[in-house]
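Trainee: Dock chains B, C, D, E and F against the given chain A, drawing on the hints supplied.
Chains as they are written, first to last, in my numbering: chain A, 1 to 155; chain B, 1 to 137; chain C, 1 to 192; chain D, 1 to 87; chain E, 1 to 106; chain F, 1 to 142.
Worth flagging that the hints you see were computed from the coordinates, not collected in a lab.
Please note: incorrect hints may appear among the correct ones.
[Unchecked claim] Dumping the calculated SDA-like pairs for lysine to any residue here, alpha-carbon to alpha-carbon at most 25 Å:
(1) B:Lys29 / B:Leu118
(2) B:Lys34 / F:Asp137
(3) A:Lys120 / F:Gly55
[What the hints assert, rightly or not] FRET-style restraints, in silico, Cβ to Cβ:
(4) C:Tyr107 / E:Gly10: 26 to 32 Å
(5) C:Pro110 / F:Pro5: 54 to 60 Å
(6) B:Ile6 / D:Lys24: 35 to 41 Å
(7) D:Leu22 / F:Asn3: 17 to 23 Å
(8) A:His122 / C:Asp152: 44 to 50 Å
(9) D:Lys24 / B:Ile26: 31 to 37 Å
(10) C:His122 / A:Asn41: 50 to 56 Å
(11) F:Met87 / A:Ile53: 49 to 55 Å
(12) D:Ile14 / A:Lys44: 44 to 50 Å
For every residue, glycine included, the Cβ atom is placed at its ideal position computed from N, Cα and C.
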Amino acid sequence: MKSLILFFILLCLWLLMSGYYSILLISLGIISCAFCVLVANRGKLIDDEGLPIFFIPRLLNYLIWLFKEILKSNLSTAKVIINGKVEPETFTVKASQVTEVAKVTYANSITLTPGTVTTKMHKDVFEVHALNADFGNDIRTNEMDRKVTWLEGKK
Amino acid sequence: MISSTIGIWNYWIVFCLMMIGLFLVIGRKNFLKKIVGLTIFQTSVFLLYITFGKIKGGTPPILNESINSIYSNPLPHVLILTAIVVGVATTALGLSLVLRINSEYGSIEEDDISAQDLVDYHDEIETGKSIDLKFKQ
Amino acid sequence: MISELLINAFLVTIMLSIAIALIKTRTVIFTVILTSAYSLIAALMFITLDAVDVAFTEASVGAGISTILFLAAMAYLPKKEEESINTQFVPALSCIILGGILIWCSYDLPEIGQLTAPIHQHIAPEYIKGSKEDIGIPNVVTSVLASYRGYDTFGETIVVFTAGVAVLALLEKKNPVKKNRSLPSKKLKKNA
Amino acid sequence: MFLAGLIACAITGILILIRIILGKTTFDRVLAVNSLGTVIVIGISLHGFYSNRPEFLDIAIVYALINFIGTVAVLKIFSTGSLGGDN
Amino acid sequence: MVLIFDIFTGICFFIGSLSIIIGACGLIKLPDVFSRIHAAGMIDTGGTAFFILGMVFQTGWSLVTVKLILIGVFIFFTSPVTSHVTANLARQKDIVPVGKKIGKIL
Amino acid sequence: MHNNPILRISTKILFAPIILFGLYVQFHGDFGPGGGFQAGVIVASAFILYSLVFGIEAGKKLFPSNINLILLALGGIIYGGVGIVSMLLGDEFLAYNILGSSPQSGQHIGILLVEFGVGLTVSNVMIALFNAFADYDKTKEK
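Isolated chain A, as found in the complex:
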C-alpha cells in the first residue's frame, strides 16, 4: 500500500520534471519509478518514518505558519547581527509528540527558524541554543510544540 503511494508520488515528480511526453520517455519513467520503489523496499525505507503520510492533511496550514515564523525570526536575527548584542543561552525543552517523525519535525522547525538551533536530542528532551533571550522565550512558550502536535494529529 505504502509502496503504491510512493510510486505515484515519484511518477508525478517524474512527469513534472520531464517536460517531454513521448511514449518512450513515459515508459522509461514508469520503469525508473518501479526500480526506485524496489530499491527503497529492499533497504526497508518505506515505513511511517520514510513516508509520513499522516502529515499531509494539515501540512499546508502548518507550513504557512512556519514561514511567518521564519520571516519574523530572520528580521530579529538581522537586528541582532547588526547591533552586535549577542547573549547566547542554552536550555532544554520537552517535546510532547508521540512519533519519532513528529519529534524530528519539531526539532527541524526549531533549527529552521534562525536564532534557535537544536543541539542535542535525547528521547523527548531537546537541548536548544538560542542567540538571545527573546528567541529562547519564543521556544519556551511551547507554541511551536503545540502546533507540531496538532500537525501530527495523534493526540
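Mentor: Quick look at chains B, C, D, E and F alone, frame taken from chain A:
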C-alpha cells in the same frame, strides 16, 4: 588596455594555478599533498580547454529553436567531460597506492621512505643477498 | 558583453586565492575541505563559460565523489603533514620561471571569446549542424560524445572500469609480496 | 536586476571565504563551506536567468545534493574516524 | 503587467541580497560555532526563499517553476539537518557554547 | 550515525527521490545537460549516503558486492555489444544508423543504449571504490 588585459586574464590565472599544482607535486614531500596538487593541475587544464571553447555572447551548445544566437564550441566540452571522470578514477588509484605505501612503510613522507629504502639496501649488502635474488623470490 | 568576462575574471581570481591557501596549510582535513571548495567554484566557472555538461560533471564528480574518496583515504593516514627538512627553493624557482614563460607566451593566444579564433573554424560548426540533421537530438555534447566520438567514449569507459578493478585489486586483503618480503629495516629497528 | 543579485552573491562569497580561511575549529569551516554551497546554488540559478537560458536548473539541484552528502561525509569522519564505521 | 512582476522581483532580490550579506557578516562577526549556525541559517532560509520567490515571479507558470520549487524544497529540507548535525557533533566534541545555561543541560 | 533520528529520517525520505533524479538525468541526456557519466555518479551518491548513515554492512546488504561486480562489467559489455550488433547487421562498429527503421531513430536508440552502459559502469565503479576504501581497515585485519 583594460579590455585586452581582461581578455587574457583567465590565461594568466590558469597558468598560475597550473604552477601551484606543479609546485605541490614536485616541492612537497607528502604523498596526499602531491595528489591534491595533481587535482589542482588537472582542474586548471580543464579550465584552459573550456576557456578556448567560449564564444562571446554565445549560449550553451544545446539547440533551441527559439534562440538564434551563436553556440559555444562543443568539442572541448566533450573532451573535458570524459577527462573529469577518468581524472577521479586515477585519483582513486593514486590514493589506493598511497594507502598501500602507508601500510608497508608506516609513513607517507618521501624522506622517510627513501631513508628506509637506504637502510634496506645497506642491510642487503651486509648480508650478501643481492637485490635481484630478492625480487625473484 | 564585458560583464561575462568580468564574472569569469572574478571567479578565477577566487580560485587562485583558494589555491594559495592550499599551499599554506599543513593539516589534512583543511586541505580536503579547501579542495572541495575549489571544485565547487570550478563548477560555477564552467557554467559561466557555457559548458553546462562539464559543470554538471564537475559538480557531481569533482566536488562530490572526489571529496568522499579523499576523506575515506584520509581516515587511515597521518593527520598532519610534516615540515620538510630540505629547502623548497629549487622547485619554487623552477615553477616561477616556467609560469613566467607561459604567461609571456599567453600574449600570442587569441583573446577569450573571439569568433575568429582558429579553434572555432575547423569542425565544430559541422558537428552543430549535423547534430540537428543527422542525429536529431538537441544536446550537441551528447551527440558528439556518444555518436561522433563513440570510440573515444568506449575507451574512456574501459579506462574507468580498469581503474576500478585496479583499486579493488590493490586494496584486496591478501598480499603475497608482503609475505615474501621480510622487511630488514623493521628488523634493524627492532634489534636496535 | 539579475546582475545585482549576482554581485550580492559575489560579496557574500568573499565574506564566507574569509571565514573558511580564518576559521578556528573545523566545524566553522564545514559550516562555511556549506553556506558557500548554498550561495553558489543561488548564483547558478541567477546566472541561468541572466543568460536567458533558465532551463538548466538541474545543475543547481545536483549542487545542493552534493553539498549535503559532502557535509554528511565530513561530519561522519569526525564522529567515527572512518567512513565505514557503524557509529 | 510585466512591469509589476519586475518590481516584485526587484523587491524580492533586494531583500534576499540584504539577508545573505547580513548572514555572511554574521558568519564573520559572531563569537562561536553555535552562534554562527544562526547566521548560516539566515543565508539558507531567508536568502534562498526570497531569491527563489523573485525568480518564480519572472517565469510565470512553467516547468522551470517546478524545478525552482524543487530546489527550494531541497534546501529547506537539508539545511536544518546539516545545521543540527554540525551543532550536535560540536557538542559531542565538548565545545561548550558561550553564554549562560538555563536549567539542567543534557 | 543511524542513532541520530534527524539524519536517519531525512535519509529515508531522500533516498528514493535521489535515485529517481539520477535516472531522470540518465534518460534526458539527449535534451538537456546530463548523460551517463553524471547520472552514474548521482545514483552512486544515493547508495553512498545510505552506507554513510546506516553503516557499510547495511549498505552491502542493500547492494551485494557480487552483484556490484557483475554490473560493473556489464556496462562495458552493453557498450561493446551495441557496436557488435551494428557490425552484425552489416555496418561499421558503433554506427547506429542501422539499428532503427530510419537513420535518426537508429541513432536515438544507439545513443540511449550506449549512455545506459556508461551509466551502469560509472555508478558501479563509484560504489565499488567507496566500499573498497571504507572497508580497508577491516580487510587488513584478516
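Trainee: For every hint, state whether the structure bears it out.
Mentor: Against the structure, the hints:
Between B:Lys29 and B:Leu118 the alpha-carbon distance is near 17 Å, which keeps this suggested pair within the 25 Å criterion. Only pairs whose Cα atoms come within 25 Å are accepted, and B:Lys34 paired with F:Asp137 is accepted, the gap being roughly 23 Å. A C-alpha spacing of about 21 Å is found between A:Lys120 and F:Gly55, which places the hinted pair at or below 25 Å, so the restraint holds. At about 42 Å, the CB distance of C:Tyr107 to E:Gly10 disagrees with the hint of 26 to 32 Å.
Under the hint 54 to 60 Å, the C-beta atoms of C:Pro110 and F:Pro5, about 58 Å apart, fit the expected range. Evaluation of the 35 to 41 Å hint for B:Ile6 and D:Lys24 yields a pass: the beta carbon distance comes to about 37 Å. The hinted range of 17 to 23 Å is not satisfied by D:Leu22 and F:Asn3, whose Cβ atoms lie roughly 34 Å apart. Taking the beta carbon of each, A:His122 and C:Asp152 are about 56 Å apart, not inside 44 to 50 Å as hinted.
As the Cβ distance of D:Lys24 to B:Ile26 is approximately 32 Å, the hint placing it in 31 to 37 Å holds. In this structure, C:His122 and A:Asn41 meet the distance hint of 50 to 56 Å, their C-beta atoms being roughly 52 Å apart. Separation of F:Met87 from A:Ile53 is about 52 Å and conforms to the stated range, judged on CB atoms against 49 to 55 Å. Restraint check, D:Ile14 to A:Lys44: a C-beta distance of roughly 45 Å satisfies the suggested window 44 to 50 Å.
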